[in-house]
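Protein chains: 2
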Amino acid sequence: MERDIFEVRAQDGGGRIGELTVPRAGVTVETPALLPVVNPHVVTVDPSRLESEFGAEILITNSYILYKSEDFRDDALDGGLHELLDFDGAIMTDSGSFQLAEYGEISVTTEEILRFQHDVGSDIGTPVDIPTPPDVDRERAESELETTQERLELAATVDVGEMLVNAPVQGSTYADLREKAGRHAYDTELDVFPVGAVVPLMNEYRYDDMVDVVAAAKRGLGADAPVHLFGAGHPMMFALAVAMGCDLFDSAAYALYARDDRYLTVRGTKQLDDLEYFPCSCPICANYTPDELREFDDWEREELLAEHNLHVTFEEIRTIKQAIRSGDLFELVENRARAHPAMLDGYRALGAHAAQLERADPASKGAFFYLSGESAARPEVLRHRERLFRLNPEGRVLLTEGNPSKNYDESWRVVPPFGPFPRALSETYPLTAEIPERMDGAGYESAARGVARLVAENQECEFTLAHYDWPESALALVPESVRVVELSDA
Amino acid sequence: MERDIFEVRAQDGGGRIGELTVPRAGVTVETPALLPVVNPHVVTVDPSRLESEFGAEILITNSYILYKSEDFRDDALDGGLHELLDFDGAIMTDSGSFQLAEYGEISVTTEEILRFQHDVGSDIGTPVDIPTPPDVDRERAESELETTQERLELAATVDVGEMLVNAPVQGSTYADLREKAGRHAYDTELDVFPVGAVVPLMNEYRYDDMVDVVAAAKRGLGADAPVHLFGAGHPMMFALAVAMGCDLFDSAAYALYARDDRYLTVRGTKQLDDLEYFPCSCPICANYTPDELREFDDWEREELLAEHNLHVTFEEIRTIKQAIRSGDLFELVENRARAHPAMLDGYRALGAHAAQLERADPASKGAFFYLSGESAARPEVLRHRERLFRLNPEGRVLLTEGNPSKNYDESWRVVPPFGPFPRALSETYPLTAEIPERMDGAGYESAARGVARLVAENQECEFTLAHYDWPESALALVPESVRVVELSDA
Chain D
0 MERDIFEVRA QDGGGRIGEL TVPRAGVTVE TPALLPVVNP HVVTVDPSRL ESEFGAEILI
60 TNSYILYKSE DFRDDALDGG LHELLDFDGA IMTDSGSFQL AEYGEISVTT EEILRFQHDV
120 GSDIGTPVDI PTPPDVDRER AESELETTQE RLELAATVDV GEMLVNAPVQ GSTYADLREK
180 AGRHAYDTEL DVFPVGAVVP LMNEYRYDDM VDVVAAAKRG LGADAPVHLF GAGHPMMFAL
240 AVAMGCDLFD SAAYALYARD DRYLTVRGTK QLDDLEYFPC SCPICANYTP DELREFDDWE
300 REELLAEHNL HVTFEEIRTI KQAIRSGDLF ELVENRARAH PAMLDGYRAL GAHAAQLERA
360 DPASKGAFFY LSGESAARPE VLRHRERLFR LNPEGRVLLT EGNPSKNYDE SWRVVPPFGP
420 FPRALSETYP LTAEIPERMD GAGYESAARG VARLVAENQE CEFTLAHYDW PESALALVPE
480 SVRVVELSDA
Chain W
0 MERDIFEVRA QDGGGRIGEL TVPRAGVTVE TPALLPVVNP HVVTVDPSRL ESEFGAEILI
60 TNSYILYKSE DFRDDALDGG LHELLDFDGA IMTDSGSFQL AEYGEISVTT EEILRFQHDV
120 GSDIGTPVDI PTPPDVDRER AESELETTQE RLELAATVDV GEMLVNAPVQ GSTYADLREK
180 AGRHAYDTEL DVFPVGAVVP LMNEYRYDDM VDVVAAAKRG LGADAPVHLF GAGHPMMFAL
240 AVAMGCDLFD SAAYALYARD DRYLTVRGTK QLDDLEYFPC SCPICANYTP DELREFDDWE
300 REELLAEHNL HVTFEEIRTI KQAIRSGDLF ELVENRARAH PAMLDGYRAL GAHAAQLERA
360 DPASKGAFFY LSGESAARPE VLRHRERLFR LNPEGRVLLT EGNPSKNYDE SWRVVPPFGP
420 FPRALSETYP LTAEIPERMD GAGYESAARG VARLVAENQE CEFTLAHYDW PESALALVPE
480 SVRVVELSDA
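Protein chains in written order, with numbering that gives the first Met the number 0: chain D, 0 to 489; chain W, 0 to 489.
Incorrect hints may have been included.
[Claimed, not checked] Just the calculated beta-carbon pair ranges, DEER-fashion:
(1) D:Thr431 x W:Pro361: 41 to 47 Å
(2) W:Pro361 x D:Val41: 37 to 43 Å
(3) D:Val41 x W:Glu291: 29 to 35 Å
(4) D:Val42 x W:Asn286: 20 to 26 Å
(5) D:Thr431 x W:Asp175: 36 to 42 Å
(6) W:Ser68 x D:Ala366: 38 to 44 Å
(7) W:Trp298 x D:Ser404: 55 to 61 Å
(8) W:Thr268 x D:Asp223: 31 to 37 Å
[As the list claims (entries may be wrong)] Sample of chain D residues facing chain W (criterion: CB under 8 Å; computed from the structure):
(9) Arg261
(10) Leu274
(11) Pro282
(12) Glu314
(13) Thr318
(14) Arg337
(15) Leu370
(16) Ser371
(17) Ile434
(18) Pro435
[What the hints assert, rightly or not] Here are the simulated lysine to aspartate or glutamate pairs, EDC-like style, with alpha carbons at most 20 Å apart:
(19) D:Lys364 x W:Asp118
(20) D:Lys269 x W:Glu433
(21) W:Lys179 x W:Asp223
(22) W:Lys269 x D:Glu433
(23) D:Lys364 x W:Asp272
(24) W:Lys364 x D:Glu275
(25) W:Lys67 x W:Asp118
(26) W:Lys364 x D:Asp77
(27) W:Lys364 x D:Asp73
(28) D:Lys364 x W:Glu433
These aren't lab readings, by the way, just hints derived from the structure by calculation.
Glycine included, every Cβ here is placed at the ideal spot set by N, Cα and C.
Given these sequences and hints, build the entire structure.
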């Protein structure tokens with residue numbers, strides 16, 4: 000099936016800049032995009048300001064709350080959501096699945112809620128799926144997934160005009176179920192693909208499990224499927240999620256956190272009371288000190304904090320888009336991985352999916368920066384090692400960190416973390432990498448694995464490795480058949 | 000000698016929040032502080048705005064330029080610098096040493112320029128030192144240092160009233176000369192201590208050499224000496240330099256870079272032309288897109304870019320101060336180290352000075368986050384290992400990642416990167432650390448070194464190490480006398 004509502008414009012690893020066409024709103028939304036959550040009962044920042052001051056192209060509100068609301072139901076049906084909220088961009092509506100997960104039941108069917116979403120003028124609606132939490136037993140995950148899949152199939156038959164419809168991907172923490180769910184959702188006629196029920200993983204800082212869940216869902220979905228990491232609103236983890244292939248995020252956090260005097264940063268959440276200085280220069284933080292902010296009335300302080308939270312959240316979306324354009328999204332992820340040990344776990348988990356990311360990654364970018372031991376697990380390093388397959392040296396081969404030698408039939412370079420390569424490739428990406436003078440064990444070990452791979456593919460050659468002071472842990476990975484020579488600096 | 004102009008208020012590693020009293024200006028300056036460089040001939044952002052909009056408490060201007068200036072010399076002498084520049088905070092003046100380094104000679108002596116600085120109302124003046132570049136031969140470094148030292152001694156005899164005087168620390172890239180220079184400077188009656196001639200190191204991205212130079216100078220200087228990293232204005236490296244013990248920075252970059260359409264970020268410098276999105280939410284970046292900024296006249300664009308550059312620079316100073324207050328300066332440095340491989344080299348070089356930093360580091364902070372292999376080299380890890388000295392287990396001792404066992408006389412915990420410790424210490428800093436589930440080789444190896452240390456100090460005990468899947472590189476560091484048992488997850 001061909002999708003004509005989502006077009007990928009630029010790619011870096013699994014991350015992409017895309018254009019989501021939302022026909023009913025008559026707009027396109029550039030992704031990665033942030034959807035601020037707007038609760039019509041408690042508006043912290045006016046939706047019109049979200050658009051004009053923060054650049055929001057799309058927001059999300061809960062149709063089930065409207066459906067049950069005596070205050071707003073009729074207004075929404077009469078004037079439509081865009082008028083009710085005073086917002087000209089695209090509006091996505093949730094269905095009440097969250098309420099289902101929280102309270103155990105809701106009094107609406109998928110068909111009813113989809114029709115209601117259509118009738119209030121939603122641009123992207125949502126069926127009532129079952130958000131199965133992590134770690135449930137497999138039987139429950141399977142049977143709830145079956146229900147979700149039935150609802151998606153039903154949703155595909157409801158006439159909702161131009162409204163796009165979400166097809167949530169569930170399956171708890173079972174990778175095979177998430178993959179199967181992704182494949183099923185992609186095969187429906189539906190449009191946008193939220194990876195569902197990841198909020199409990201976020202709340203428990205299980206970013207590695209989050210990465211595994213997204214990777215599994217992505218394996219089932221097509222490359223042209225717009226993917227929404229549903230309920231994930233902390234800017235700290237956006238770069239990691241985008242690198243895995245997520246395109247849409249929603250944030251209730253900007254407002255909920257502000258209510259509790261919590262201040263968002265890409266390095267984690269701070270309590271306003273713990274701050275003496277604002278680590279930010281957004282218009283709020285450039286204007287006030289923490290002491291000054293603490294002096295405001297509760298509701299003014301809440302609004303100002305929500306504005307800061309929105310500024311930093313949209314700033315991170317822009318930072319990610321720029322990184323994709325510049326081809327240094329992984330460098331950004333490396334940086335963000337240092338926000339918390341659990342984020343480092345997430346980044347290390349992403350390393351295990353390098354082969355999956357490699358398939359979408361552009362063959363050439365600006366520069367590869369080696370920034371930590373984790374850089375050795377980047378898709379580009381893996382691709383280089385795979386490429387060694389195709390290169391066949393002959394005779395007596397020197398792999399050296401030093402100068403070439405005429406005593407050999409061929410003299411290749413060897414550079415951590417990539418390993419060996421012919422000199423002629425020195426100026427090609429990623430071998431133009433900037434690497435630290437002080438290399439780490441992971442980088443040397445990766446280079447040694449490259450040597451081992453080359454030797455395994457070319458058993459008829461006679462290899463010599465000439466290195467500067469590689470650690471034991473790397474030399475142990477070099478096959479015994481290789482003659483190893485240590486170079487000296489002098 | 001006791002210094003009463005600089006008081007350290009909070010400390011984290013070598014980093015500190017201090018209060019520099021500038022008697023002639025009648026103000027105190029909170030450090031770490033940024034001194035914007037103001038060239039009276041080319042004012043990009045008015046000094047009064049530096050104060051009111053950006054929070055600058057101190058700036059720096061070049062007294063030699065004024066001394067030689069037909070336009071400003073008389074005004075400066077008549078009305079004074081504060082009036083000339085319209086700035087109420089503290090004003091530091093440079094002496095022309097930079098011009099000396101650039102053009103080989105200047106036509107003023109230390110005595111003349113100090114008197115001139117005094118006469119124009121400078122609050123902190125500078126003698127004419129010799130900024131010896133990196134990598135010169137030792138003879139030149141020594142003889143130029145001798146000249147610098149004579150000038151400092153001379154400067155100490157000039158009557159400059161309440162004006163503070165800088166005592167630059169030179170010595171090229173010779174650690175012993177920098178240390179000796181630091182000690183000599185500290186022993187003069189002078190007040191503030193610029194580490195000089197580091198600009199060439201910055202320009203060549205030699206952040207590891209910069210760290211070594213600062214560490215050497217600091218060994219010579221007293222802990223109560225305010226230290227200025229002279230000429231270093233890129234916010235990318237402020238956190239690293241503060242962690243080494245630098246208190247003052249000056250930035251000409253904010254204006255010079257803006258002139259070339261260069262845009263500062265803590266992850267490096269960008270060309271405006273390469274940006275499609277602003278990775279920032281300062282008042283400039285929240286208001287304009289890169290496309291919009293490109294449409295301005297040259298001079299307007301330059302001013303707006305300079306304002307962005309100042310915002311991000313002062314933001315980083317606030318971020319660092321907050322990190323010192325929160326006790327997570329090293330976590331910030333870990334993050335900033337991922338801006339460029341050369342910054343990683345700088346951070347790895349800092350690891351080699353852990354013992355020096357450890358002496359000033361507070362014994363307890365909020366939380367220790369393990370964020371990369373480099374975390375294993377933090378001063379807190381070193382201190383823990385030194386502390387093992389004082390703890391003497393007895394008899395048959397189990398060091399285990401699992402549960403305690405009654406089959407041993409003592410059951411200690413062992414946790415990467417710290418190594419072994421008695422269970423009773425579990426709730427003390429830094430053993431309350433947050434560590435990733437997916438530990439790296441450097442963390443395991445550090446724990447193994449802790450085991451080796453404990454064993455070496457307690458040869459009469461019989462040790463058993465029970466671990467979950469430590470890598471070979473770590474197990475190889477465990478002494479042969481230790482019985483090693485692998486635990487299984489089941």
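Hint check results:
no., hint, verdict
1, D:Thr431 x W:Pro361: 41 to 47 Å, "holds (43 Å)"
2, W:Pro361 x D:Val41: 37 to 43 Å, "holds (42 Å)"
3, D:Val41 x W:Glu291: 29 to 35 Å, "holds (34 Å)"
4, D:Val42 x W:Asn286: 20 to 26 Å, "holds (24 Å)"
5, D:Thr431 x W:Asp175: 36 to 42 Å, "holds (38 Å)"
6, W:Ser68 x D:Ala366: 38 to 44 Å, "holds (43 Å)"
7, W:Trp298 x D:Ser404: 55 to 61 Å, "holds (57 Å)"
8, W:Thr268 x D:Asp223: 31 to 37 Å, "holds (36 Å)"
9, Arg261, "violated (15 Å)"
10, Leu274, "holds (6 Å)"
11, Pro282, "holds (5 Å)"
12, Glu314, "holds (4 Å)"
13, Thr318, "holds (4 Å)"
14, Arg337, "holds (4 Å)"
15, Leu370, "holds (4 Å)"
16, Ser371, "holds (5 Å)"
17, Ile434, "holds (6 Å)"
18, Pro435, "holds (4 Å)"
19, D:Lys364 x W:Asp118, "violated (56 Å)"
20, D:Lys269 x W:Glu433, "holds (17 Å)"
21, W:Lys179 x W:Asp223, "holds (17 Å)"
22, W:Lys269 x D:Glu433, "holds (17 Å)"
23, D:Lys364 x W:Asp272, "holds (17 Å)"
24, W:Lys364 x D:Glu275, "holds (16 Å)"
25, W:Lys67 x W:Asp118, "holds (15 Å)"
26, W:Lys364 x D:Asp77, "violated (58 Å)"
27, W:Lys364 x D:Asp73, "violated (55 Å)"
28, D:Lys364 x W:Glu433, "violated (35 Å)"
In this structure, the earlier hints numbered 9, 19, 26, 27, 28 are contradicted, and the remaining ones agree with it.
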